[in-house]
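Colleague: As a plain string of letters, each chain reads:
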Amino acid sequence: NAGVTQTPKFQVLKTGQSMTLQCAQDMNHEYMSWYRQDPGMGLRLIHYSVGAGITDQGEVPNGYNVSRSTTEDFPLRLLSAAPSQTSVYFCASSYSLSYNTEAFFGQGTRLTVV
Amino acid sequence: KQEVTQIPAALSVPEGENLVLNCSFTDSAIYNLQWFRQDPGKGLTSLLLIQSSQREQTSGRLNASLDKSSGRSTLYIAASQPGDSATYLCAVPFHQTGANNLFFGTGTRLTVIP
Numbered sequence: 001n002a003g004v005t006q007t008p009k010f011q012v013l014k015t016g017q018s019m020t021l022q023c024a025q026d027m028n029h030e031y032m033s034w035y036r037q038d039p040g041m042g043l044r045l046i047h048y049s050v051g052a053g054i055t056d057q058g059e060v061p062n063g064y065n066v067s068r069s070t071t072e073d074f075p076l077r078l079l080s081a082a083p084s085q086t087s088v089y090f091c092a093s094s095y096s097l098s099y100n101t102e103a104f105f106g107q108g109t110r111l112t113v114v
Numbered sequence: 115k116q117e118v119t120q121i122p123a124a125l126s127v128p129e130g131e132n133l134v135l136n137c138s139f140t141d142s143a144i145y146n147l148q149w150f151r152q153d154p155g156k157g158l159t160s161l162l163l164i165q166s167s168q169r170e171q172t173s174g175r176l177n178a179s180l181d182k183s184s185g186r187s188t189l190y191i192a193a194s195q196p197g198d199s200a201t202y203l204c205a206v207p208f209h210q211t212g213a214n215n216l217f218f219g220t221g222t223r224l225t226v227i228p
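Read top to bottom, the protein sequences are chains A and B.
Note that our numbering has the first sequence beginning at 1, numbered continuously upward.
Note that our numbering has the second sequence beginning at 115, numbered continuously upward.
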């Protein structure tokens, strides 16, 4: 059982480049989300989805796009990378519509924008 | 806006010692509180989830308590081992967007010295 799988694990981008961070889960979870983790700031929510075809913004959505065409996949797109987007990105999933649902996290993608 | 604080930011203890990690939150209208473990360069692993109606939750050597009225939770680790060395994070849901989106504290980095 793979759980939540993120690719790539590491990435270096030049300012202005675009890329897609991949996230897939095999637990049939309705809910998926993306967080970024920066030193001294904890994890902050970027975007989330409560099911295929439904996405919404989190706390820090600017500069990122998401879509959810299948239950399994929730890619995060950086449209034009900026040094401020240097961070570790985590994808998470859980059963939706429950007030007491455990969150499962991927291993993270460490992104550096130069 | 919910704020989650974890003190201390770092803690170093000798092996075998019992220890307590603290988490405080400003908005007591929470559905639950989760404790996670994060190993260096790794993703987050859920340790315990305490529902808002519960006072305590136990898993092995770990015991988490929740006092909603005072906005506090503690994670008690009994008979600490070097393998417990990691960063411990607490998180509470965004009340406005349901139970799946999480506010995280900045974590306590625990080192257990053999």
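Keep in mind that the hints were calculated from the coordinates and are not lab data.
Take the hints with a grain of salt, since some may be wrong.
Computed beta-carbon distance windows for the label pairs [unchecked claim]:
id : chain 1 : residue 1 : chain 2 : residue 2 : range
1  : B       : 153       : A       : 73        : 37 to 47 Å
2  : B       : 140       : A       : 63        : 24 to 34 Å
3  : B       : 130       : A       : 51        : 25 to 35 Å
4  : B       : 167       : A       : 16        : 47 to 57 Å
The beta carbon of each residue, even a glycine, is placed where N, CA and C say it ideally should be.
Colleague: Note whether the CB distance of residue 167 (chain B) and residue 16 (chain A) lies within 47 to 57 Å or breaks it.
Modeller: 50 Å, holds
Colleague: Using the beta carbons of residue 140 (chain B) and residue 63 (chain A), state whether their distance is inside 24 to 34 Å or not.
Modeller: 28 Å, holds
Colleague: Does the Cβ pair residue 130 (chain B), residue 51 (chain A) satisfy 25 to 35 Å?
Modeller: 47 Å, violated
Colleague: Could you tell me whether the CB distance from residue 153 (chain B) to residue 73 (chain A) stays inside 37 to 47 Å?
Modeller: 26 Å, violated
The structure fails hints 1, 3 (numbered hints given earlier, in ascending order).
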